[in-house]
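Residue numbers (this note's numbering), protein chains in the order written: chain A, 1 to 362; chain B, 363 to 940.
Worth flagging that the hints you see were computed from the coordinates, not collected in a lab.
Heads up, a few of these hints could be off.
Using 25 Å as the maximum straight-line C-alpha spacing, the simulated PhoX-like pairs for lysine-lysine come out as follows [claimed, not checked]:
1. A:Lys270 x A:Lys11
2. B:Lys741 x A:Lys29
3. A:Lys86 x B:Lys741
4. A:Lys223 x A:Lys179
5. A:Lys29 x A:Lys11
6. A:Lys11 x A:Lys118
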Amino acid sequence: MSQNNQEVRLKLENITKEFPDRGGSGTVKAVDDISLDICAGEFLTLLGPSGCGKTTTLRLIAGFENPTTGRILLDNQDVTPQPPNKRDMALVFQNYALFPHMSVFDNIAYGLQTQRVKRQDIQHRVNEALLMMGLQGLGDRRPNQLSGGQQQRVALARSLVVEPRILLFDEPLSNLDAKLRVQMRGEIHRLQRRLRITSVYVTHDQIEAMALSDRIVVMNAGKIEQIGTPSDIYHRPATRFVADFIGRANFVGVTVLSESAAGVEVEIFKRRVTVASSVRRDGAPLVAMLRSESLTLRHDPALPQVLVEQAMFLGSEVEYIVNTGSQQLVVVEQDPRGVHVVAEGETIGLDFVPEAVHLLPA
Amino acid sequence: MQSLRRPQAFKRFASLTQDPLLTLALVLVVLFVAITIVFPLLSMIGEGFSPKGLPLFQRYLSDPVHLSIVTNTLVMGALVGLFGTAVGFLFAFVQVRLNVPFKRFMHIVALIPVISPPFAVATAAIVLFGRSGSISRGIFGVRYDIYGLDGLTLVMSLSFFTIAYLNLSGMMRALDPALDEAATNLGANKWRIFRTVTLPMLLPGIASSFLLLFVEAVADLGNPLVLGGNYEVLSTRIYVTVIGLYDTTGAAVLSLILLVPSLTVFIVQRYWISRTSVVSVTGKPSGTPQMINHPLVRWPLFGLTIAICLLILLIYGTIIHGAFIRVPGVRYDFTLEHFDFVLNGIGAQAIQDTTLLSILATPLAGLIGMVIAYLVVRKTFAGRNLLDFSTMLGIAVPGTVIGIGYVLSFNHPTTLTLPVLGEVTLLPQLTGGRGLLGGALAIIVVFIIRSVPAALRSGTAALSQIDPAIEEASISLGADNARTFRRITLPLIRPAFLAGLIYAFARSMTTISAVVFLTTPQTKIMTQQILNEVEHGRYGNAFAYCVILIVIVMVAISIMYVTVGSTTGAERRLEGGL
C-alpha cells in the first residue's frame, strides 16, 4: 500500500456498534469490532451490500452514532466523546439534505457563518465555491429550482467550503439517474484528486467504488472482509464473498497436484496451472475463481466442450451462460463485432487465461 | 442482556446531556408539564379518593339523579359525535369529490365556528328558535322548547363539526385516486367504489372524528349551561357543585367520573385508531380525485350543504345583528347601548385583561409546543412518550376538571416539610384573588396548557415530514443543537408554528370551562362576563361582547400572519445583500 509512509488522519480502533433489536429484548451488532486506518489525502470507500454496516460506520465517524465500544482518533486525538458539530468533518448526504428555505448562496455560506468567518470572506469563498462547482449565477436560486445534479453540486460545495479535515460521503450519487451518476462520479474524482482532501465514501456500487477509491474496504455483516486497492480487490479477492460481490466470478473446483515455493500447481479444465497463491492451504480444499472475461469460447475439439444455454447481446459485450456438464459458468466475450456470436444450443470449446486463475479456500 | 442495555441507555442520556442547552430545555418542559398538568390532576385524583371523597363515589353511582346525569352526558356526547361527524363528512365529501360551485364559500363557512366564543351560537339559537324565537314563533308561530338534548345536539354539532370536516377532507385528499381508477378498471360503478373502497379507507378517520367530537361535547360547559335547561350533564353539575355549593370534594369526585369516558375515548382515538389507519395523510396526492358528476348525487348533497351554510350564517348574522338592536328577537330598533355598556362599563377591564393574558400566553404556548415536538420527534430519551402523553392531557382532560385541579392544588402555597429546614414553600398561592398577580398567572398557565397540545400535534406532524438529514447536515457543518433549531428546524416548521399560535390565541380568548373557577375580582375574563349577561337574559350585551371578541381574534390572526407568516429570515437577509 502506497499510503504506508503517510500520516494517519483517522483511526478506528475496535469499533463495535450495537442497536436494540426489533423485539427490544436483545441487541444487533451493526458494526462488529472494526479497526481501520485512513491516511491523509486518501480516498477510502466502504463497500458492501445493504445492511453490512457501512452507513453505520460512516455515521460513527461523523459522530451521529456513538460506538458501543472502541475509539475513533482524528489526527491522534480521541474524538469519540465529541458531538458531531465539533468534529471538523463534513458529510455529504444521500438525498443532499439542502436547506429548502435558504438560497443556494446561504446554503453554502451556512457552515462559514457557523465558524464566524467575516462577511467579506464568506462572500469571497462562497463565490469561489460556486465557480469551482460550475454553479455561477445560481446563488439566488432555491434548492427546489435546481436539477438533481446541481443540487448534488451545491451539497458538495457546502461541505467543501468549510475545508473539513475529512469529507464524508453517504451514497451521494444513488439518487441521480444513470447518466448523471457517471458524470458526477467523474467530477468527484477530479475534484478529490486536485484538492487531495481525505475522504470516506460509502456506496453499494462496486464500479463507483473502483473508479473513485485509493483503497476499498469491503464489508459484510458488520465485519471487514478485505481492505485493498481496487485492483487487489478485483483480481485477488481474499474471500469468496468479496469475489462474488465484486464483478462476475465463476468458482471452479480444482485438484491440487503439488505445492512449492513457486506456488500451487492445480488441474483446472484438464489443464495444469501453477498459481502464485498466498492462500495457506493446510490440507483444506481450494476453489479457483475465474472472472467471466478471463474465459473464452473457441471451436477447438481439444478443449473441454460446453453447451451454450443462453446468449445475451449487451452492446459492448456478449454474455453467455454455458454448461460444462457439472456446473454453469458465465462467460463474457468483448467486442461482439470482432467475434462470431455463438447460438444458444451450440456446443463449443472453453478456454481460459491461466494468469487470471485465483485460488480461494473452498 | 439487561446489564448490557443499561449502560447503553445511560450513554444515550449522556449524549443528550452533552448539549447543556438541550438538557435545560428538556428539564424546563418536563418541570412545566409536571407542575401545570400532572400535579393538578394528581391532586384532584387524591381528593376524589380521600376519606371525604370515597363515600361520595358510592352515593353518586347509586343515586338515580346522578346516574341520569352520567347517562345524559354520554348520550349527548354520542349524538354530537354522530351528527357532527355526519355534517363534517358531508362538507368534506362535497369539497373534495363533488363538481359543484361555491366550494370556497362552503369551506370558509365551515371554518367560522372555530373562532366563535362559547354561548354565542347557543344564545343565537335561543333567539332564533327558542320559545319566543324570531323564526320558531315569529315565522311558524310555535312555542318550541329548544332547551334540552335536541337544542344541545344542534348547537354543538354546528359548533364542533369543523374538526371532523378538516380531519376527513385531509384524508379524502390523501386517498390515492389510483385506487378508484383500479376499481373502475375492474368494472365497479361509482356507488360500489364508494361503498367498497372509499368508505372502508375512511373508516378510521370517521371513527376518530366521532371520538374527538365526543370528547369535545362531554367536556363542553358553555353550551349545556345556557341551553341545557333540565337536561343536566356532568360538566354543568361540576360547575354548580363548585360555584353554588362550594363543594370542591364533590366536584373532584364528579370530575373523576367525567374523566373516565373522556380519557378512555382519547386513548382509543390516539393509540388504536391512528394505528389501524391505512391512509397515509403525509404522502403527496398522486393525482386529482375523480369528481362525481351524477346529478342525483350532486344536487341533493349540494343543496343540503348550502342549507347548513345558510343556517351557520344566519346564526352568526344573529349574533352581529343582535349586538346592534335594542332587545334581540323582540325590539329591532338600532342602538349602540350594548357596546356602550361593554366598552365603558366593567367590560373594558375584562377585554383588556383577557387580551393581555392571551397575548402573553400565545407565544409561550407556540414555543413550548414546538420544543416538545422537537424533543419527542428527534431525540431519544427515557419517558419520551410519557412527556408527549402528559402534554396531550392538557386538552384531553375536560376544562372543568383542569379547573378543579387548579383550585385544589394552587389555592394555597405548595409546601414541603423537610427534616432540617422545616417547611419550605415550593410554590406560592397561584389561584384566587390572593394568588400571584391577582390569580392572573394561573389563568395564563391554563391558557398555555390548553393550547400546547394543538401546537405539539401540528409541530409533530410538520417535523415528521422533514428529513432528519437536513438537521444533521447543519450539525455536520458545525452548528450546535440550538443554532440548528433556530436556523433550520423552526423556519421549516413555521406553518405549524403559525397554526399553533393562531389556535392558542383563539382558544385562550374563547375558553370558559377551564378558567371559570379561576377568575378573580382583580382578573376578569370576557367569557365569564358573557356568561353573566346571558344568565341575566341581557342577550344584546352578550352579543356585543361576542362581536368584540371575534374582531380581536380576527385582528390578532392577521397580525400573526403578517409577522410570522411572511418571508423567512433567509430571504430577508438575501434582499439586504447577505
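Each hint tested on the structure:
Restraint check for lysine 270 of chain A and lysine 11 of chain A: not satisfied, since their Cα atoms lie roughly 48 Å apart, outside the 25 Å limit. Pair hint lysine 741 of chain B plus lysine 29 of chain A holds up; C-alpha atoms about 22 Å apart against a cutoff of 25 Å. Between the alpha carbons of lysine 86 of chain A and lysine 741 of chain B the distance comes to roughly 19 Å, so the proposed pair stays at or under 25 Å and holds. Pair hint lysine 223 of chain A plus lysine 179 of chain A does not hold up; C-alpha atoms about 32 Å apart against a cutoff of 25 Å.
Between the alpha carbons of lysine 29 of chain A and lysine 11 of chain A the distance comes to roughly 20 Å, so the proposed pair stays at or under 25 Å and holds. A threshold of 25 Å between alpha carbons decides the hint, and for lysine 11 of chain A with lysine 118 of chain A the separation of about 33 Å lies outside it, so the pair is violated.
Consistency note: the structure conflicts with the earlier hints numbered 1, 4, 6.
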